[in-house]
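4 protein chains.
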Amino acid sequence: MDMKMNAAELQAFLERDFPQVAGDFDFVEVAPPVVVMGLSASDKHLRPGGTVSGPSMFGLADVCAYFCILSALGPVALAVTTNCSIDFMRKPAPGRLLCRMELLKLGRALAVCEGRLFSEGAADKPVARASLTYSIPPR
Amino acid sequence: MDMKMNAAELQAFLERDFPQVAGDFDFVEVAPPVVVMGLSASDKHLRPGGTVSGPSMFGLADVCAYFCILSALGPVALAVTTNCSIDFMRKPAPGRLLCRMELLKLGRALAVCEGRLFSEGAADKPVARASLTYSIPPR
Amino acid sequence: MDMKMNAAELQAFLERDFPQVAGDFDFVEVAPPVVVMGLSASDKHLRPGGTVSGPSMFGLADVCAYFCILSALGPVALAVTTNCSIDFMRKPAPGRLLCRMELLKLGRALAVCEGRLFSEGAADKPVARASLTYSIPPR
Amino acid sequence: MDMKMNAAELQAFLERDFPQVAGDFDFVEVAPPVVVMGLSASDKHLRPGGTVSGPSMFGLADVCAYFCILSALGPVALAVTTNCSIDFMRKPAPGRLLCRMELLKLGRALAVCEGRLFSEGAADKPVARASLTYSIPPR
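Chains as they are written, first to last, in my numbering: chain A, 85 to 223; chain B, 85 to 223; chain C, 85 to 223; chain D, 85 to 223.
Hints were generated in silico from the structure; no laboratory data involved. For every residue, glycine included, the Cβ atom is placed at its ideal position computed from N, Cα and C. Any given hint could turn out to be false.
To be verified - Straight-line Cα separation of at most 27 Å, DSS-like style, residue types lysine-lysine; simulated pairs: (1) 175(C) with 189(D); (2) 175(C) with 128(D); (3) 209(D) with 189(D); (4) 175(D) with 189(C); (5) 189(D) with 128(C); (6) 209(B) with 128(B); (7) 175(C) with 175(B); (8) 209(D) with 175(D); (9) 189(C) with 189(A); (10) 189(A) with 88(A); (11) 189(D) with 189(A).
What the hints assert, rightly or not - Between beta-carbon pairs, the in silico distance windows are: (12) 158(D) with 180(A): 21 to 27 Å; (13) 162(B) with 180(C): 48 to 54 Å; (14) 221(A) with 158(D): 48 to 54 Å; (15) 192(D) with 207(A): 19 to 25 Å; (16) 133(B) with 179(C): 48 to 54 Å; (17) 127(A) with 207(C): 42 to 48 Å; (18) 128(B) with 158(D): 44 to 50 Å; (19) 107(C) with 88(D): 39 to 45 Å.
Generate the whole structure from the sequences, applying the supplied hints.
Below you can see the structure in the form of structure tokens.
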């Protein structure tokens, strides 16, 4: 799958279009159809006990799927999430959380991604899995 | 379905166990198997353009399902989300977002909820629907 | 929501386009955005013990969503299921199974339905819930 | 992950407990946490045009997840599907369909699987992806 945006271009896009959350995320690997992103959890992402909250995990999966699609599609600002199915399987360890997302289908109107979230260094014990569908605007 | 916790009890539970987000949410109706909660969106919940973000909608559905279960089950702090499937159908209007969640099954080990999110006054045009499964710890 | 096809028209469509399964299903109510269909389970739908199998419940939800969309959209043969999320909550009683499906969104490219399956006479104890997305071909 | 049942043992279990469908499926690979099964589609699995129907794809994913769990858990007949999320991405080619399912979590009460369906020889163009949760009875 051809790369239409590299890590630096995705990073610039993230900072310009999502200024409120850009500081939370970083790109670990951009190799379409796969993109890996990290979440540097701060207080606002944590639940009592210090584990990353469900909405923060959802947010990481959602942003990672979005940039996974953009890495293969190019800068299309109007793609929107239409569906997400997420399974929470283990409690995350304190510390950094990664998401590895894979683009399974890039169609005319829909893109489908699937990925896993895991604590850094523990990819074999995923804390969650997620599949997401994005609607792609007509061009 | 019997009510095991009323709105005031759920509110106290929310403030004690989720202090970081308690101010974001309020109880509109507690009538098991149905609970309606509201999200008073502030800057952190919004995306450019002023619409409520996907993770904030997920968070509203998740917290509403949690308290929907507690309203029928009583104060069990350790129930955890195991699955969520959410469909985003329309862009929310600026302003307050409500979630109406219904408890469909309260089993020994699992509870299943289903609900809809809508802008206040527009229940007939839901912005999202969500179904969630919670794992209930052995008693 | 306007009705574009009534029960008799949907029935004719079912018999012409799905001859292999047409005899399994019947229309109980067609009132867009809601359609109720029944499954007259025969041996091929049953698992040991006499309960309706998971694939048969999935099939009932899928066909009911399809005709729910057609009742509001008109005869568009090429709509295809893109996603289904289904929760199995209770074991069905032996006998007839109904599905009540509601069309939540009929967009240009996507339609979203949500519904419940229950044994006849036991709508308050759903055996399953399902949400489905259909992709609608460009017209 | 230890293997508790091998292909021959799973095959015997399939024939004894699911006699109505046993002839439809076969085991291609049993290597926990991964199991690959095939569906030899006959008329009852096909839609007009000769493609495998949605319920048949759901059925293949469901049975493959079940035996994926049993390969790691041993012969536990009462595990039941509680949730399935499935995305249909491409039309299957005529002919044999495979499902590669991976067990992501084997907990005390819940097991989570994730897998892909593809036409034989085309694993890089999956026709569907599915995630399933099974409830495991107390032992």
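Here is how each hint holds up against the structure:
no., hint, in the structure
1, 175(C) with 189(D), "24 Å, holds"
2, 175(C) with 128(D), "25 Å, holds"
3, 209(D) with 189(D), "26 Å, holds"
4, 175(D) with 189(C), "24 Å, holds"
5, 189(D) with 128(C), "32 Å, violated"
6, 209(B) with 128(B), "24 Å, holds"
7, 175(C) with 175(B), "37 Å, violated"
8, 209(D) with 175(D), "10 Å, holds"
9, 189(C) with 189(A), "23 Å, holds"
10, 189(A) with 88(A), "16 Å, holds"
11, 189(D) with 189(A), "25 Å, holds"
12, 158(D) with 180(A): 21 to 27 Å, "36 Å, violated"
13, 162(B) with 180(C): 48 to 54 Å, "40 Å, violated"
14, 221(A) with 158(D): 48 to 54 Å, "50 Å, holds"
15, 192(D) with 207(A): 19 to 25 Å, "23 Å, holds"
16, 133(B) with 179(C): 48 to 54 Å, "51 Å, holds"
17, 127(A) with 207(C): 42 to 48 Å, "46 Å, holds"
18, 128(B) with 158(D): 44 to 50 Å, "48 Å, holds"
19, 107(C) with 88(D): 39 to 45 Å, "42 Å, holds"
Hints 5, 7, 12, 13 from the list above are not met by this structure, while the remaining hints are.
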